[in-house]
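Each chain, letter by letter, is given below.
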Amino acid sequence: MELFKQVKFDEPVREKAKLALDVKEILYVLTKSKSVLIGGMIVFIVIFCAIFAPLIATHDPYQMNIGDRLLKPMEHGHLLGTDQYGRDLFTRIIYGARVSLEVGFISVGLSLLIGVTIGLIAGYYGGWIDMIIMRFVDIVLSFPVLLLAIALVAALGPGIQNVILALGVVYWTNYARIVRASVLAIKEEEYIQAAKTIGSSDFRIIFYNILPNCLAPIVVVATLGLGVAIIAEATLSFLGLGIQPPKASWGWTLAFGMKFIRETPYLSLYPGLAIMITVLGFNLLGDGIRDLTDSKLKRK
Amino acid sequence: MQQNMLEVSNLTTTFTSRKSTFNAVDGISFHVEKGETLGIVGESGCGKSVTSLSIMGLVKPPGKVSGKHIRFDGDGIDLLHLDQKEMRKLRGNEIAMIFQEPMTSLNPVYRIGNQIGETLKIHKKIKGIEQKDKVVELLKLVGIPRPDEIFYSYPHQLSGGMRQRVMIAMAMACDPKLIIADEPTTALDVTIQAQILELIKELQEQKGMSMILITHDLGVVSEVCDRVLVMYAGKIVESGPVKQILQNPQHPYTKGLLASLPRKGESHKRLSYIPGQVPAPKNWPKGCRFSDRCPYVMDQCYVSLPPLFPISEDQHAACWLVKEEGREADVKHETVR
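Protein chains in written order, with full-length UniProt numbering: chain U, 1 to 300; chain W, 1 to 337.
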């Protein structure tokens with residue numbers, strides 16, 4: 001012991017502590033993953049359109065003008081033409097982004113709330129609790145998801161709130177499964193054991209110590225889930241079970257355009273494109289985030 | 001007479017699987033005096049870590065802890081019969097633990113300062129600026145340079161030795177009465193090992209804490225511990241003051257451990273070793289558990305398990321040889337399990 005007292009080294013600190021998120025690092029990540037860049041840009045544009053819809057739109061989305069019905073694109077100052085009531089299609093699509101994103105974000109938030117909590121509990125406690133919860137998840141998963149949502153909306157009645165509720169209640173199973181799988185791995189980590197030895201309660205360990213460590217897969221699945229929710233909303237609206245007119249919804253506009261598909265195919269084409277591009281954006285973003293978090297794991 | 005900080009009596013930790021039941025720790029009794037450092041030595045899989053987890057009440061199901069009592073801090077508290085809520089109040093506050101692997105025992109998503117502050121928040125309800133001051137003070141205490149900066153670091157930015165210092169700061173946060181250090185230096189470089197040991201020893205003396213040091217390194221034991229328990233296959237095979245054990249080991253296993261330490265100036269010699277390995281619990285021999293590796297094995301060893309025979313006032317060894325040599329005759333025989 002005496003011997004070591006003479007030579008005492010200060011151990012080096014590898015890096016300086018960083019306080020704020022590094023802007024350069026974020027830009028670097030963006031340039032590294034093209035799908036995050038492209039997906040992010042699409043998502044950004046859609047969100048921008050939704051927020052600033054009144055500024056971007058060229059007309060009033062609810063203003064009917066029978067004289068101008070079924071105009072072709074670029075006719076009479078209508079960028080994408082008009083629908084059967086003479087409403088400007090471009091404006092309707094811009095306003096439709098609001099509905100799609102609102103349904104997407106809130107229903108995914110609801111699914112997250114249910115799924116993450118249930119997944120955390122199932123994974124952490126294990127045993128018969130896990131058994132019962134996961135069998136219940138299996139039962140929910142055995143239904144065709146969209147049919148279940150249709151049944152729910154049919155029971156509750158159409159309308160934006162019920163669509164959100166139905167999608168939230170139907171899609172939580174994915175999150176529950178993924179969170180449970182992460183928790184199973186994380187709860188065996190030594191820092192969880194260490195948290196126990198300093199006297200943390202189960203609640204604290206689950207939400208303070210485990211949850212932040214399984215955020216990466218949650219973010220990926222939630223981003224992909226936004227795309228799924230938007231398609232589901234469009235499908236429900238297409239079937240007349242979702243958003244009720246005159247509110248602008250991509251699915252409903254697409255469905256209505258079907259009646260005139262021989263004369264004015266673009267009436268269905270443009271809302272369809274809007275749905276496709278938005279979902280593509282979320283999927284690219286989700287995939288990109290997954291790749292980035294995965295490669296981080298590999299680097300370790 | 002000095003009071004004992006910890007008194008463990010007949011501690012048994014049983015694991016049940018679908019096929020079999022075995023005792024990872026099998027009826028061990030020991031005590032830790034106030035301000036004393038007790039070493040627990042043994043090979044991997046001999047039940048050292050399970051012993052410490054049993055004391056903390058953190059054995060995971062299907063593990064089950066039983067025994068007569070685990071008395072903590074005098075006569076007041078019996079850890080065996082506390083419920084989880086009362087145990088939580090003790091953990092981190094009165095009994096703290098330091099782990100083997102500093103690389104993985106810090107939560108990667110939180111800053112160092114917040115992690116140390118966690119203990120203070122849970123037990124002392126200290127928050128905000130006051131908490132930060134206290135944490136910086138703790139960082140200084142464990143010899144971390146530039147504590148104000150390290151406060152905001154993440155675990156991955158620190159080296160192993162620094163992280164172990166952080167773990168020690170976490171353990172010290174509430175001035176515990178007993179520290180259980182589970183191989184605190186095993187994962188570190190040799191030079192850092194000495195520093196960390198010295199730090200632990202210093203803090204222990206300064207705060208008057210008791211300590212259980214679990215290790216497989218007899219060198220560490222000789223430097224830090226007052227008394228030592230040698231464990232083999234879930235049993236204590238020898239116990240006593242460090243000096244006596246190192247100079248006059250009685251159990252063949254302890255002798256084997258000592259003989260397998262490398263020595264200065266004997267570079268041309270081959271290291272000696274104990275042949276074989278610790279048997280898995282389901283293969284434990286009926287008699288002495290060391291019998292299949294023991295060079296001095298006798299017929300009796302295969303038949304019955306030797307109890308701890310006193311050698312001197314405070315040294316004990318569980319070996320029939322000790323009894324054969326007639327040092328002690330009036331020991332109660334333990335029945336064969």
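Worth flagging that the hints you see were computed from the coordinates, not collected in a lab. One should not assume that every hint holds.
[As the list claims (entries may be wrong)] Cut-off 20 Å, straight-line C-alpha distance, at most; resulting in silico cross-link-like pairs (EDC-like, lysine to aspartate or glutamate):
(1) Lys-187(U) with Glu-101(W)
(2) Lys-124(W) with Asp-202(U)
(3) Lys-125(W) with Asp-202(U)
(4) Lys-34(W) with Glu-101(W)
(5) Lys-60(W) with Glu-75(U)
(6) Lys-134(W) with Asp-175(W)
(7) Lys-60(W) with Asp-138(U)
(8) Lys-89(W) with Glu-101(W)
(9) Lys-60(W) with Asp-291(U)
(10) Lys-89(W) with Asp-202(U)
(11) Lys-60(W) with Asp-287(U)
(12) Lys-85(W) with Asp-202(U)
(13) Lys-60(W) with Asp-68(U)
(14) Lys-64(W) with Glu-188(U)
(15) Lys-125(W) with Glu-101(W)
[Unchecked claim] Computed Cβ-Cβ distance ranges for the label pairs, DEER-style:
(16) Leu-246(W) with Val-29(U): 50 to 58 Å
(17) Gly-126(U) with His-268(W): 30 to 38 Å
(18) His-156(W) with Gly-109(U): 52 to 60 Å
(19) Val-23(U) with Lys-64(W): 30 to 38 Å
[Claimed, not checked] Facing chain W, a subset of chain U residues (Cβ under 8 Å, in silico):
(20) Glu-102
(21) Lys-196
(22) Pro-212
(23) Asn-213
Glycine included, each C-beta is placed from N, C-alpha and C at the ideal position.
Verification of the hints:
Using a Cα cut-off of 20 Å, the hinted pair Lys-187(U) and Glu-101(W) holds, with the two alpha carbons roughly 16 Å apart. This hinted pair checks out: Lys-124(W) and Asp-202(U) have alpha carbons roughly 19 Å apart, not beyond 20 Å. A threshold of 20 Å between alpha carbons decides the hint, and for Lys-125(W) with Asp-202(U) the separation of about 18 Å falls inside it, so the pair holds. Taking the CA atoms of Lys-34(W) and Glu-101(W), the gap is near 27 Å; set against the 20 Å cutoff, the hint is violated.
This hinted pair does not check out: Lys-60(W) and Glu-75(U) have alpha carbons roughly 73 Å apart, beyond 20 Å. Pair hint Lys-134(W) plus Asp-175(W) holds up; C-alpha atoms about 12 Å apart against a cutoff of 20 Å. The hinted pair formed by Lys-60(W) and Asp-138(U) fails the criterion: a straight-line CA distance of about 28 Å is larger than 20 Å. Distance restraint check for Lys-89(W) and Glu-101(W): the Cα-Cα separation of roughly 25 Å exceeds the 20 Å cut-off, and the hinted pair is therefore not satisfied.
Under the criterion of a C-alpha separation no larger than 20 Å, the hint pairing Lys-60(W) with Asp-291(U) is inconsistent with the structure, at around 35 Å. A C-alpha spacing of about 13 Å is found between Lys-89(W) and Asp-202(U), which places the hinted pair at or below 20 Å, so the restraint holds. Taking the CA atoms of Lys-60(W) and Asp-287(U), the gap is about 37 Å. The hint is violated against a cut of 20 Å. The suggested pairing of Lys-85(W) with Asp-202(U) holds, with an alpha-carbon distance near 10 Å, which does not exceed 20 Å.
For the proposed pair Lys-60(W) and Asp-68(U), the alpha carbon gap of about 74 Å is over 20 Å, so the pair is violated. A C-alpha spacing of about 18 Å is found between Lys-64(W) and Glu-188(U), which places the hinted pair at or below 20 Å, so the restraint holds. Our distance criterion of 20 Å between C-alpha atoms is broken by Lys-125(W) and Glu-101(W), whose separation comes to about 28 Å. Judged by the Cβ atoms, the range 50 to 58 Å given for Leu-246(W) and Val-29(U) holds: they are separated by roughly 56 Å.
Between Gly-126(U) and His-268(W) the CB atoms are about 55 Å apart, so this pair departs from the stated range of 30 to 38 Å. For the hinted restraint 52 to 60 Å between His-156(W) and Gly-109(U), the CB-CB distance of approximately 31 Å leaves it violated. The beta-carbon spacing between Val-23(U) and Lys-64(W), approximately 54 Å, falls outside the hinted interval of 30 to 38 Å. The restraint placing Glu-102(U) at the interface with chain W is violated, with a minimum CB-CB distance near 31 Å, outside the 8 Å limit.
Against a cut-off of 8 Å between C-beta atoms, the interface hint on Lys-196(U) holds, since the closest Cβ of chain W lies about 6 Å away. Given hint, Pro-212(U) at the interface with chain W, holds; its Cβ is 4 Å from that chain's nearest Cβ, closer than 8 Å. With a cut of 8 Å, the hint placing Asn-213(U) at the interface with chain W holds, because the nearest CB-to-CB distance is about 6 Å.
The structure fails to meet hints 4, 5, 7, 8, 9, 11, 13, 15, 17, 18, 19, 20 from the earlier list, while all remaining hints are met.
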